[in-house]
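Just need the whole structure built from these sequences, with the hints factored in.
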Amino acid sequence: MLEINDLSISFSSYSFGLRKTETCAIRSLDLTITPGQIMAVVGQSGGGKSLLAHALLGILPRNARVTGGMLFKGEPLTIKRQAALRGRQIALIPQSMTYLNPLVRVGNQVAQAARLGGVPGRESKGAVSRAFTRYRLNQKVISCFPFQLSGGMARRVLTATATVGGAELILADEPTSGLDPASSGETLAHLRELADSGKAVLLITHDIEAALKVADSLTVFCGGVTLEVAAAGDFSSHGVLRHPYTRALWGALPGNDFVGAVPAAMTIAKNGGCPFSCDCPKSDTVCNDMMPELKRLYNGLVRCHYA
Amino acid sequence: MLEAQQLAFRYRDELPWIVNGIDLDIRPGEIVGLPGPSGRGKSTLAKVLGGYLLPERGSVRVDGAPLTRSGFCPVQLLFQHPELAVNPRWRIGEILGEAEAPPAALLDELGIESAWFERYPHELSGGELQRVCLARAICSKTRYLLCDEMTSMLDALTQAQIWRAILNIVKRRNLGLLVISHDTALIDRLCDRVVPCFADHPDAQIDNLPGDQKDQDRNSGEHHREEADIPPDSTDRPQTGIQL
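Protein chains in written order, with our numbering: chain A, 1 to 307; chain B, 308 to 551.
FYI, nobody ran anything at the bench for these hints, they're computed from the structure. Any given hint might turn out to be false.
With beta-carbon atoms standing in for the labels, derived distance ranges [said to hold, decoys possible]:
(1) L391/B - Q139/A: 27 to 37 Å
(2) Q312/B - L103/A: 41 to 51 Å
(3) G74/A - P323/B: 47 to 57 Å
(4) L60/A - F424/B: 26 to 36 Å
(5) E321/B - Q139/A: 55 to 65 Å
Residues of chain B placed beyond 10 Å of chain A at every Cβ, according to the derived structure [as the list claims (entries may be wrong)]:
(6) E321
(7) P344
(8) E363
(9) V369
(10) N394
(11) G400
(12) A408
(13) A411
(14) A463
(15) W470
(16) R479
(17) T491
(18) D495
(19) R496
(20) D499
(21) V502
We treat Cβ as the ideally placed atom computed from N, Cα and C, and that holds for glycine.
This is the structure in structure tokens:
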């Protein structure tokens with residue numbers, strides 16, 4: 001369904017007068033999703049995970065430069081094709097309720113999404129009503145404005161907006177952050193249901209535990225680089241995980257060892273080497289200077305000199 | 308000891324009680340967990356304890372005296388979204404020194420680099436900014452810290468690192484700590500004791516109120532703002548509890 005090869009995103013900005021600087025947000029990202037699958041992208045907060053979703057939809061700001069290949073159904077995603085596909089075949093469940101138009105009743109926003117997604121105009125009302133029922137929203141909510149909704153309800157409205165049309169690829173950006181376990185479980189169950197109905201879901205999250213509940217496989221992402229691609233089952237024990245960063249991330253969970261690392265060092269990662277080299281117990285000069293290749297290791301992928 | 312007695316709070320007279328009849332005490336050096344689903348009033352309780360909101364009934368006392376309404380508040384609140392808790396037009400250096408200049412040792416311990424001082428809040432990541440807020444809240448007069456979902460938007464590594472640092476500081480300075488979170492694994496890990504103020508009873512959840520009731524709540528607009536983590540009138544008010 002979706003294939004991303006060596007994607008990089010950088011931003012140019014004028015720092016002082018006319019001096020132009022380029023900041024690299026994503027350096028080398030590789031990802032593949034097939035229909036019926038949930039692929040989770042997990043990694044540090046502020047690591048450019050949301051940019052990935054925005055790059056796929058072609059809604060990055062104008063000073064962004066994207067290189068590398070993005071294939072949707074085998075054909076490259078050009079700017080023109082992105083404009084034609086977004087909202088129709090590729091839909092986004094955004095991170096926060098600020099993505100809802102504050103001046104339009106939520107029912108109308110879902111109806112608009114339905115029409116864009118290919119539901120004929122006269123049927124859109126019924127589609128909205130069904131979508132609200134499906135996500136356990138009271139029919140009265142249809143005529144509410146976004147500010148009248150709680151966080152959990154807004155999240156369900158956003159999910160309804162993304163799924164009311166016939167989109168085949170759903171990008172879910174941090175769908176569980178700030179939700180309590182019951183609501184987040186419900187959101188994740190909706191994603192699973194979408195995948196089981198043959199859609200492909202890209203789940204972008206910092207919450208590795210949430211990702212493990214529903215995802216088929218996980219792409220671990222740090223400092224703008226894919227470090228590991230693992231099946232969800234690999235996380236059940238320490239031994240199978242391939243990259244030291246993944247092991248550290250897993251170990252840092254409150255239910256495990258709860259040992260933290262200094263993330264400041266990872267976000268810099270401008271030395272050209274592995275982004276985790278500053279904190280990695282195995283690292284040496286090679287790790288600092290040279291980016292390892294992504295290589296196959298027991299049914300997964302890993303980018304480490306010593307894996 | 309931070310003591311709350313029979314605390315009750317609602318946003319308006321015609322609205323339901325958000326906090327009702329809550330007793331809570333936190334001793335210095337004690338780490339207390341407050342779990343519970345969203346929309347039950349955990350954040351509202353934290354704001355009442357921190358002096359941001361005045362309780363309608365009951366009292367909050369710090370070491371025997373009522374909570375101060377002016378000057379530095381010994382009870383400091385940390386929010387879920389640090390970017391909303393700082394003045395976006397201030398540089399990090401100004402933000403850090405809002406109450407008093409934090410000692411270099413504290414900055415080191417929290418991994419705050421002096422290179423950040425000239426930057427603006429939007430130029431730091433969430434984890435970095437949260438540590439800045441933490442350094443700002445830990446002053447010489449701080450006695451209690453209330454952490455409201457402080458790390459729920461951070462990745463596991465950053466979360467673990469921030470909590471390790473806090474636990475060290477809390478232990479050394481003998482501060483009382485209230486951890487508000489819906490992550491029960493985190494609470495089990497950190498806390499000496501858990502207070503079940505907001506135990507599970509689904510009717511209490513605002514989300515699930517039947518239509519009319521809910522519309523009434525929502526129409527006021529007040530209710531919903533609690534999720535923004537900052538009282539509506541105080542976006543620019545310092546987190547340090549100084550009343551303007």
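Going down the list of hints, with the structure as the test:
1. For the pair L391/B and Q139/A, the supplied restraint of 27 to 37 Å holds, since their beta-carbon distance comes to about 33 Å.
2. Against the hinted window of 41 to 51 Å, the Cβ-Cβ separation of Q312/B and L103/A comes to about 44 Å, which satisfies the hint.
3. For the hinted restraint 47 to 57 Å between G74/A and P323/B, the CB-CB distance of approximately 55 Å keeps it satisfied.
4. A C-beta distance of roughly 30 Å is found between L60/A and F424/B, which places it inside the suggested range of 26 to 36 Å.
5. Judged by the Cβ atoms, the range 55 to 65 Å given for E321/B and Q139/A is violated: they are separated by roughly 25 Å.
6. For E321/B, the requirement that its beta carbon stay farther than 10 Å from each beta carbon of chain A is met, with the minimum near 17 Å.
7. Residue placement check: P344/B does not keep its beta carbon more than 10 Å from all beta carbons of chain A (closest about 4 Å).
8. Listed as outside the interface, E363/B is consistent with that label: its C-beta sits roughly 23 Å from the nearest C-beta of chain A, beyond the 10 Å cut-off.
9. With a least beta-carbon separation of about 29 Å from chain A, V369/B lies farther than 10 Å from that chain, consistent with its non-interface assignment.
10. Consistency note on N394/B: stated as away from chain A, and its beta-carbon is indeed over 10 Å from all of that chain's, at 20 Å minimum.
11. At roughly 17 Å, the least C-beta separation between G400/B and chain A is larger than 10 Å, which holds for a residue marked as non-interface.
12. No beta-carbon of chain A comes within 10 Å of the beta-carbon of A408/B; the shortest separation is about 21 Å.
13. For A411/B, the non-interface assignment is confirmed: its Cβ lies about 17 Å from the closest Cβ of chain A, beyond the 10 Å cut-off.
14. Its closest Cβ contact with chain A, about 4 Å, brings A463/B to no more than 10 Å, contrary to its assignment away from the interface.
15. Once the 10 Å rule is applied to beta carbons, W470/B is inconsistent with being away from chain A; the minimum gap is 7 Å.
16. With a minimum CB-CB distance of about 18 Å to chain A, R479/B clears the 10 Å threshold, and the non-interface call stands.
17. At roughly 8 Å from the closest C-beta of chain A, the C-beta of T491/B falls inside 10 Å, breaking its exclusion from the interface.
18. At the 10 Å boundary, the C-beta of D495/B falls inside the reach of chain A, the nearest C-beta of that chain being 7 Å off.
19. Interface exclusion of R496/B from chain A breaks down, the closest Cβ pair being 4 Å apart, not more than 10 Å.
20. Its beta-carbon lying about 15 Å from the closest one in chain A, D499/B satisfies the requirement of being farther than 10 Å from that chain.
21. Residue-level check passed: V502/B sits 17 Å from the nearest beta carbon of chain A, beyond 10 Å.
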